[in-house]
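The listed protein sequences correspond, in order, to chains F and C. Letter by letter, the first sequence follows residues 4 to 331 of this note's numbering. Letter by letter, the second sequence follows residues -15 to 272 of this note's numbering.
Since the hints were derived computationally from the structure, they do not count as laboratory data. Note that the Cβ used here is the ideal one computed from N, Cα and C, for glycine as well. A hint or two may mislead.
As the list claims (entries may be wrong) - Which chain F residues face chain C? A few, computed with CB under 7 Å, are given here:
1) Ile42
2) Tyr144
3) Ala269
4) Gly305
5) Val306
6) Ala309
7) Leu312
Unchecked claim - Restricting the straight-line Cα-Cα distance to at most 35 Å, the calculated cross-link-like pairs of lysine-lysine (DSBU-like) are:
8) F:Lys61 x C:Lys29
9) C:Lys3 x F:Lys238
10) F:Lys11 x F:Lys98
11) F:Lys11 x F:Lys242
12) F:Lys98 x F:Lys61
13) C:Lys215 x C:Lys29
To be verified - Only some residues are given here: those of chain F computed to face chain C with a beta carbon under 8 Å:
14) Val23
15) Asp26
16) Met28
17) Leu260
One-letter residues, chain by chain:
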Amino acid sequence: MGRYLGRKLLIYALTFFLAVTIDWMIPRFMPGDPVSIMIARIGTRPEAAAVLRGYFIKAFGLDVPLWQQYLNFWSALFHGDLGVSIWLYPQPVIKIIQRAIPYDLFILLPAILLSWFAGNQVGALAARARWLDNTILPLGYLLTATPYMWLAIVLAWSLGNVAGVFPIAGAYSFAIRPHLSLRFILDLFHHWFLPFLSLFLVMFGGWAIGMRNMIIYELESDYSRYLEALGTPQKLIRKYAFRNAMLPQITGLALQLGGIVAGAVATEVVFAYPGIGYIILNAVQNQDYFLLQGCFLFIIIGVLLANFLIDLVYVIVDPRTRLGMTGE
Amino acid sequence: MAQEQPKKVRSEFIYFAWKNVKLRIGVSVLLAFVLFSIIGPFLAKYDPLEYVGPMGAPPSREFWFGTTTFGQDVFSQFAHGTRSTLIVGLLGGSLGTLIGILVGLIAGYRGGLLDEFLNMITNIILIIPTLAVLIIIAAYLSVRGILTESVFIGLTAWPWAARAIRAQTFSLRVREFVDLARMTGRSSLRIVLTEIAPNMMSYLLLVFILQFGGAVLNAATLDFIGLGPTKGMSLGLIMNNAVLWAALQLGMWWWLLPSGAAIAAIVGALYITNVGLDEIFNPKLREM
């Protein structure tokens, strides 16, 4: 187990190192000069531009040798200093991101966990059940092929605009100040439902198809055939098949995290839901590079944490990893 | 006899391909979109960005998909957008597949330290969310074209393909026919090209289809955040404009829905084609 987790942790550490390096490198080595872009955007007189340029170069820390810039970047990172936002000047980037993260967790955690459980159950039922299979499979493919933002747009348009049942923007009504009361909490859930639903539905399709295919594969394998020949009840065979089919689905969850991040970003943009995705949109529109880089780092940290959690679950679920029988 | 074999295999492939409903549906939808992307822009009467009609008008005989809040023709945008979306899918998907094949074959066939190294890199890049990297790259590019977008999408999409191809190569490498080829003293490159790659052809095709779909989705998301091509049109950009200019609040469904529906149809058709091909290549999956 130690070897398995150790190897994983090494990979995560290297990933973090690479991500931070990318984050540091891209502004410095891309064609085009972000400082000039920002100054051009502000558009002042030449003398003022020169002062601004000096300020920005200081702010980016561009006035020291490259290797020192790199070290400074790391040390600032460990002090939680990700720079100052331009969009919400003069708030520090880290404060803006800290405010957004609860909203991300609020829609992502339920959407990921519930879609995973529901998808697995429905997929397992659909395998080798003709009627259910013929409805679930096409539906599943339709859902996974749908771009997250389009499903979000369809839901917002149909249930929000036409039917008028759900609000289509924000995390709570503008009329209410956030405070602890039943009215506010109900309002919060009212705004939460559509973003959650659109993430849930797209992911659900993928899990259901994956599980259905895995169960069919397991039911074809030798141990299932052997149990069948012994006269074991179908229910028990299916139970074993489900357990074995779970493992790739857990690994699949780790592999899907990148796609889920993209989905969350797009969904939050549609619903103007104040998570990281919505911040990214605003950062892009305001060319707020510090904020974008901060969001990138936090996405990486979130994905790494999620990966590690999934590894822990895998160790619990699959005894082979505990005994050191699988290297991967 | 030796010449008879490939012909028989091919005709069997065509037989099962024709009988497979999924493949027929998927391929026809894809062909329809390819055709549309070729002739669509000629059918469109206006420049996609020009202000040509009444503002925010629903579909009519003059403006088939209605107009935007600014009076741009949505159909023209849709036609040009479909074309660029397919181009990004083709270029980005090809590049991703190519790098995946290269890394996967080398790592899988060579093994040893080089494999350890490439595998480590693949696993690391696999964890980093593609879109996050694309966002910061695109944000720093002040001029973005369809070509640069495709290149960056291809450059970030290969890891899972490399991993899958490496695993396939691994299992093929120890087969007897590869050992025999090695005994004849052929070079590694030729063994990989003549013995290993042809045995994975079907698999590589599936990888390409999924890479194509992934590139289309990544491009759509990137465009939707506002980091798409700075000039020109794409399906994601139409949705980006529609959402930014409150088409949702105004209930302008003709502006909101068609572009996303087209992406869903293209990607869905790719997935269905993929499943259909999988059934043809893998007899175990065929429905009796």
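Hint check:
no.: 1; hint: Ile42; result: violated (13 Å)
no.: 2; hint: Tyr144; result: holds (5 Å)
no.: 3; hint: Ala269; result: holds (5 Å)
no.: 4; hint: Gly305; result: violated (9 Å)
no.: 5; hint: Val306; result: holds (6 Å)
no.: 6; hint: Ala309; result: violated (10 Å)
no.: 7; hint: Leu312; result: violated (13 Å)
no.: 8; hint: F:Lys61 x C:Lys29; result: violated (51 Å)
no.: 9; hint: C:Lys3 x F:Lys238; result: holds (34 Å)
no.: 10; hint: F:Lys11 x F:Lys98; result: holds (30 Å)
no.: 11; hint: F:Lys11 x F:Lys242; result: holds (30 Å)
no.: 12; hint: F:Lys98 x F:Lys61; result: holds (21 Å)
no.: 13; hint: C:Lys215 x C:Lys29; result: holds (19 Å)
no.: 14; hint: Val23; result: violated (11 Å)
no.: 15; hint: Asp26; result: holds (7 Å)
no.: 16; hint: Met28; result: violated (10 Å)
no.: 17; hint: Leu260; result: holds (7 Å)
Checked against the numbered hints given earlier, this structure breaks hints 1, 4, 6, 7, 8, 14 and 16; the rest are met.
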